[in-house]
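Enquirer: Next come the chains, spelled out residue by residue.
Protein chains: 2
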Amino acid sequence: MQRYQPVPMPSTLAGRNSAEEKVLTIDTINPKVKNVQYAVRGELAIKAEELKAKLTQGAKDLPFSTIVNCNIGNPQQLKQPPITFFRQVAALTEYPELLKPEHEALVSQLFPDDAVRRARELLASAGNAIGAYSHSQGIQTIREHVAEFIEARDGFPANPNDIYLTAGASTGVQQILQLLISSDHVGVMIPIPQYPLYTASLALFDAHPVPYYLDESKEWSMDLPGLERSLRRARSNGIDVRALVIINPGNPTGQCLIEENMREVIEFCYSNKLVLLADEVYQTNVYYPEQRPFHSFKKMVRSARPEIRDNLELISFHSISKGVVGECGRRGGYFECVNLDDAVMGQVYKMASVNLCPNVQGQLLVDLMVRPPVQGDASYPLYRQETQGIYDSLKRRSQKLSKAFNEMEGITCNSAEGAMYVFPQIQLPAKAVKAAEQVGKKPDDFYCLRMLDATGVCVIPGSGFGQKDGTYHFRSTFLPPENLFDTFIANLKTFHHQFMQEYS
Amino acid sequence: MQRYQPVPMPSTLAGRNSAEEKVLTIDTINPKVKNVQYAVRGELAIKAEELKAKLTQGAKDLPFSTIVNCNIGNPQQLKQPPITFFRQVAALTEYPELLKPEHEALVSQLFPDDAVRRARELLASAGNAIGAYSHSQGIQTIREHVAEFIEARDGFPANPNDIYLTAGASTGVQQILQLLISSDHVGVMIPIPQYPLYTASLALFDAHPVPYYLDESKEWSMDLPGLERSLRRARSNGIDVRALVIINPGNPTGQCLIEENMREVIEFCYSNKLVLLADEVYQTNVYYPEQRPFHSFKKMVRSARPEIRDNLELISFHSISKGVVGECGRRGGYFECVNLDDAVMGQVYKMASVNLCPNVQGQLLVDLMVRPPVQGDASYPLYRQETQGIYDSLKRRSQKLSKAFNEMEGITCNSAEGAMYVFPQIQLPAKAVKAAEQVGKKPDDFYCLRMLDATGVCVIPGSGFGQKDGTYHFRSTFLPPENLFDTFIANLKTFHHQFMQEYS
Numbered sequence: 001m002q003r004y005q006p007v008p009m010p011s012t013l014a015g016r017n018s019a020e021e022k023v024l025t026i027d028t029i030n031p032k033v034k035n036v037q038y039a040v041r042g043e044l045a046i047k048a049e050e051l052k053a054k055l056t057q058g059a060k061d062l063p064f065s066t067i068v069n070c071n072i073g074n075p076q077q078l079k080q081p082p083i084t085f086f087r088q089v090a091a092l093t094e095y096p097e098l099l100k101p102e103h104e105a106l107v108s109q110l111f112p113d114d115a116v117r118r119a120r121e122l123l124a125s126a127g128n129a130i131g132a133y134s135h136s137q138g139i140q141t142i143r144e145h146v147a148e149f150i151e152a153r154d155g156f157p158a159n160p161n162d163i164y165l166t167a168g169a170s171t172g173v174q175q176i177l178q179l180l181i182s183s184d185h186v187g188v189m190i191p192i193p194q195y196p197l198y199t200a201s202l203a204l205f206d207a208h209p210v211p212y213y214l215d216e217s218k219e220w221s222m223d224l225p226g227l228e229r230s231l232r233r234a235r236s237n238g239i240d241v242r243a244l245v246i247i248n249p250g251n252p253t254g255q256c257l258i259e260e261n262m263r264e265v266i267e268f269c270y271s272n273k274l275v276l277l278a279d280e281v282y283q284t285n286v287y288y289p290e291q292r293p294f295h296s297f298k299k300m301v302r303s304a305r306p307e308i309r310d311n312l313e314l315i316s317f318h319s320i321s322k323g324v325v326g327e328c329g330r331r332g333g334y335f336e337c338v339n340l341d342d343a344v345m346g347q348v349y350k351m352a353s354v355n356l357c358p359n360v361q362g363q364l365l366v367d368l369m370v371r372p373p374v375q376g377d378a379s380y381p382l383y384r385q386e387t388q389g390i391y392d393s394l395k396r397r398s399q400k401l402s403k404a405f406n407e408m409e410g411i412t413c414n415s416a417e418g419a420m421y422v423f424p425q426i427q428l429p430a431k432a433v434k435a436a437e438q439v440g441k442k443p444d445d446f447y448c449l450r451m452l453d454a455t456g457v458c459v460i461p462g463s464g465f466g467q468k469d470g471t472y473h474f475r476s477t478f479l480p481p482e483n484l485f486d487t488f489i490a491n492l493k494t495f496h497h498q499f500m501q502e503y504s
Numbered sequence: 001m002q003r004y005q006p007v008p009m010p011s012t013l014a015g016r017n018s019a020e021e022k023v024l025t026i027d028t029i030n031p032k033v034k035n036v037q038y039a040v041r042g043e044l045a046i047k048a049e050e051l052k053a054k055l056t057q058g059a060k061d062l063p064f065s066t067i068v069n070c071n072i073g074n075p076q077q078l079k080q081p082p083i084t085f086f087r088q089v090a091a092l093t094e095y096p097e098l099l100k101p102e103h104e105a106l107v108s109q110l111f112p113d114d115a116v117r118r119a120r121e122l123l124a125s126a127g128n129a130i131g132a133y134s135h136s137q138g139i140q141t142i143r144e145h146v147a148e149f150i151e152a153r154d155g156f157p158a159n160p161n162d163i164y165l166t167a168g169a170s171t172g173v174q175q176i177l178q179l180l181i182s183s184d185h186v187g188v189m190i191p192i193p194q195y196p197l198y199t200a201s202l203a204l205f206d207a208h209p210v211p212y213y214l215d216e217s218k219e220w221s222m223d224l225p226g227l228e229r230s231l232r233r234a235r236s237n238g239i240d241v242r243a244l245v246i247i248n249p250g251n252p253t254g255q256c257l258i259e260e261n262m263r264e265v266i267e268f269c270y271s272n273k274l275v276l277l278a279d280e281v282y283q284t285n286v287y288y289p290e291q292r293p294f295h296s297f298k299k300m301v302r303s304a305r306p307e308i309r310d311n312l313e314l315i316s317f318h319s320i321s322k323g324v325v326g327e328c329g330r331r332g333g334y335f336e337c338v339n340l341d342d343a344v345m346g347q348v349y350k351m352a353s354v355n356l357c358p359n360v361q362g363q364l365l366v367d368l369m370v371r372p373p374v375q376g377d378a379s380y381p382l383y384r385q386e387t388q389g390i391y392d393s394l395k396r397r398s399q400k401l402s403k404a405f406n407e408m409e410g411i412t413c414n415s416a417e418g419a420m421y422v423f424p425q426i427q428l429p430a431k432a433v434k435a436a437e438q439v440g441k442k443p444d445d446f447y448c449l450r451m452l453d454a455t456g457v458c459v460i461p462g463s464g465f466g467q468k469d470g471t472y473h474f475r476s477t478f479l480p481p482e483n484l485f486d487t488f489i490a491n492l493k494t495f496h497h498q499f500m501q502e503y504s
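Top line first, the protein sequences correspond to chains A and B. Here UniProt numbering is used: the first residue of the first sequence is 1, the next is one more, and so on. Here UniProt numbering is used: the first residue of the second sequence is 1, the next is one more, and so on.
Simulated from the structure, these hints should not be mistaken for laboratory data. Each hint can be trusted.
Note that the list lumps identical chains together, so a pair holds whenever it fits in one copy or between two copies.
Computed list of lysine to any residue pairs in SDA-like fashion (alpha-carbon distance at most 25 angstroms, straight line):
#1 K22 / K350
#2 K54 / M345
#3 K52 / N159
#4 K34 / D206
#5 K299 / Y4
#6 K32 / S136
When you get a sec, could you build the whole thing from the sequences and use the hints?
Expert: This is the structure:
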């Protein structure tokens, strides 16, 4: 029998894969994928998982009895309870049999009447088929409710056709970045420090991150001369800078921008032909609402001078994962497009349709988030109590944690005005920096690994978010259950004191 | 006051955007996005939506009273009921309060005991927090159950670490294509006709589609000499062809590949260093299981000669959207990686982690799909009755539809061995082809638009999937409710007869 002669490889690739090698190796896969870095689930997180597994298996040789996950904004992992009304409605939409008249006597003992009513409404919105692909842009009625929510928040109308429901804000951010990155000459301005989704996505889509520094000395606000310098440098290097990302309230920095600063930024974007991408997923995590209320960039644009109001291209992202909702596992969110060209909107729709639709359960929860129970509804008192309880506790925890860090030698920590994070700066002794170098670690990685080993507390080194050269930070959520705070803070203080002594 | 001088654009871009123009226009966005085509939600689907809206508004001037959506594989949109047990468990996991002892008396009247038990198990698997981000790869226990399902199906073991839960198969396909497309020289072999996700994704990732024709004369099977010619042509043109996509059972073609044909294909892939991407989302939609059973490519690889068994790189995709489950709206699925390099698997994990996690509700339904009620469970009789009912009806509908098309002048239609589609070929009269050209339409688009206008039946033209030059097809699902079939088939026959008369 004649042996089969394989089809020869193109001559340019001859010898690339030897017969024994796989087609896909670390050297042959997409190098852009290889370049992606994502610290939130990086070395620290993996090590914390390993330690957790050891504890579960009964390990007794660790200096702590529990892992405290301060590394990820994942509230319900850390026992933040879901909002009862939301889950009641979700349960009823899953199993509409419960809404039939013959079950009313039983069901009314388990569910309040407004949950039953809302479930009926949502099912009707979804054509009584939550198991079907929805409209690719998201269910029409839910987009109308989002538009009403935005209007009530800002005092300016919103158009449901400009709203896309998404599987979490991250998916939306990636869709928009993919749309606007037309070549490897494109650049996108991102804050430093930043949430690493942005650098990861820019690496994946092969665009230039054009970093600008938030001003740590001014509560991590936007520094206009810095923005200007950064843009000028990039453009003079031939980079087609097209967009500016702002995370407000900030991640990892927890700041809430003031109105004046926001107005400067939109003038800057308009003058310089930059699309503004506003990551506003923490808009309800605002802990000093009198001094530092949340303002949306949509409101800033619509209340600006007519040229800006009618022209500045803005995409704003929101999510059900944060706030007091905290439904990360569902993957729900939306983005609103402002002043986008109609033909471009057509392309946004086409791409949404390739992905069929965002998961319907996530869409339903967007509706619940933007249309919670109101005074007079059967569920309102409990809703109010639950949301206020979560909010108050988050605020207390943020204060407790930033106070504790400020009391430690060589650490300065801004108070968290918003979001779920503090981002303290630490003055590492020269000896510690050297010790880190000797084991091939960045100094902040070294410090955080030592913290994890000593206390079981997992935070993320500042280098995962970006920081000014020569400064060291780490990001800590304040999401662990409140009853753990005194103990883990005491452990952190002991660890820090010993660390500083060891390397002083 | 001095007027602000904007930062100049790079000289290469000077004058690109005039002051009045948007930053993002159809000419400045990512051209790869612009190149994406997606017929399943294209012109026909949009027109059908418009007609549906007219009917809803009470329009009386249309020759039909309802739109029959044969354009998309979306069973529950067309009244296929969800499986009761799945939704009972989903409801209980949403609102775990129902599982508390104080509610047992009531809940036991509404839910069977095995649903309660399963909900408890799933909640425990999810760390009692379905509202939290899960492991990025998907919940460990669920991946173990998927591995058990694969082993029971194939007779060969599967490793939970090789399994990734995804938000539907489409997401998984895109993740893998993104990984393997390392440059614009890369090519991926795709069947013609194909499901347009593949051409859309290859356009987006800027890779070459390397088409191979399924053999319509042999029940749309894989034609090895054709594969060989196609690969040879592409490689001789310098294209780095790395992978072969197979959809089995077929979309839009409904074929089930026989074992011998599959074994030829894996030999071809192995000899030619191609990764095999097996889209097996219709694996339970198999209507002649004696003559044409489903075989997985995993089983073919593991039972092949040792070189293939241990080396051929295979990724297989599955979904909760199809089969008799039909839970499209949830977005759930998984892929299994076989024989992939460890370092490459590390990159797959990193990319999953950037996307945080697939939605947990979709993950839970994957568990239910792979671990349905079994004999002896309280829910088994109903589960059996529901799934058998859906299956039998799908089979009857497929036969009815292909028979009807075969009875029409100039139409030949293979019987659907699997999946949810028929893909009839139609001999369009020369006069019809000319009439289409005169209005600037492709002939098959023209025919399908006329069908929609005359009958309200929405199918998708073959050009959206690809077809041999000079042949015309369309794809029709057989998902509409069975009680509509006689009427809409009669309407189709009348339309077709008139159309052929008009253009003969």
